[in-house]
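Colleague: Letter by letter, the chains look like this.
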Amino acid sequence: MENAEIPPISRKLAPYPLVFMRFRPAWAYIDGIREFGRFFCQTTFGTRELADRACVVIQETLENAVKYSSNSADSELELSIESDGSNIEFSVSSLPDASHLSSLREELNGIQTLDPEQAYLAAFIRASNEPEASARLGLARIRYEGGVELSMKEESGGRIRITATGKL
Amino acid sequence: MSQFTVVQVPKAETIAIQVTAPNQVKLSGTITQKDPATDLAGFFKALHTAALADKLTEVRADVSGLTFVNSSAIRLFVDWATWVKNERGHRYTLRFITSRNVTWQKTSFMALMSLAKEVLAIEHVT
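Chains as they are written, first to last, in this note's numbering: chain S, 1 to 168; chain C, 1 to 126.
Since the hints were made in silico from the structure, they are not lab data. Wrong hints could be hidden among the right ones.
[To be verified] Listed next, the in silico DSS-like pairs over lysine-lysine satisfying Cα-Cα at most 27 Å (straight line):
#	chain 1	residue 1	chain 2	residue 2
1	C	45	S	153
2	C	34	S	67
3	C	45	C	34
4	C	117	C	45
5	C	117	C	106
6	C	45	C	55
7	C	11	S	67
8	C	45	S	167
[As the list claims (entries may be wrong)] Some chain C residues flagged as far from chain S (calculated, every beta-carbon gap over 12 Å):
#	residue
9	1
10	16
11	17
12	34
13	50
14	56
15	62
16	74
17	85
18	114
19	122
20	124
Virtual Cβ for every residue (Gly too), placed ideally from N, Cα, C.
Start from the sequences and build out the full structure, keeping to the hints where you can.
Modeller: The following block contains the structure:
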């Protein structure tokens with residue numbers, strides 16, 4: 001699933017991201033990394049609006065990655081942040097449990113058939129109608145509140161990369 | 001005696017919760033636990049049940065001090081709005097007090113309002 005409107009920045013730029021982190025998939029790290037992302041975006045780009053968007057993207061992508069990571073020794077997560085001066089790109093690479101892949105693919109395909117606001121509202125309606133099911137608001141929230149488009153790439157060794165690309 | 005004001009407030013690490021008479025609950029801090037329902041779902045349900053028992057016409061949920069929450073926490077507000085919406089007998093207005101300065105509140109309560117506008121009210125503070 002590729003974003004047709006904004007090509008991933010990582011294809012166009014020098015090989016060095018602005019931020020690159022590699023860490024074990026532990027829930028306890030998420031708050032700290034999100035707040036670093038807020039600080040980094042606020043400091044680097046000077047807008048609180050972008051800092052808030054970064055928080056949503058980082059929180060929800062890392063939550064998904066941690067929740068569904070396999071237990072193997074090479075399941076470390078990678079987070080990178082890149083920019084070309086017009087767009088910003090957040091990328092999270094993880095090694096998910098194989099059973100999670102098809103539902104992630106389906107969820108991403110589903111939300112991308114609607115515009116971000118409609119997809120977020122549809123996710124609310126689904127959550128309301130299915131009180132016993134898991135929330136599944138996160139990806140739609142990333143698109144709408146984060147102001148980004150999402151793509152997923154399957155990489156070697158069973159790893160996947162979720163990329164969120166939006167305007168600065 | 002008011003049922004609403006005697007609802008037991010859960011202890012949660014990153015959230016401060018205050019229930020005040022006759023109909024207000026105030027939450028501040030952040031909610032980013034893996035499963036916030038463990039701490040909060042039962043609490044919200046107890047407030048809802050108490051509001052019905054007290055025949056309140058309005059419950060004021062002041063979330064303006066909640067600076068960040070994850071989508072699992074947003075789900076809890078969806079559930080609360082759904083309980084009120086689906087109530088067939090006495091219903092109350094669930095009024096969320098939100099902050100214009102907190103991004104997640106602007107986007108998520110707009111969506112929530114679309115879901116259950118007949119029972120919700122959104123009030124903005126700075």
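Colleague: Checking against the hints above, which ones are violated?
Modeller: Numbers 1, 8, 12, 16, 17 and 18 - these are the hints that the structure violates, sorted from lowest upward.
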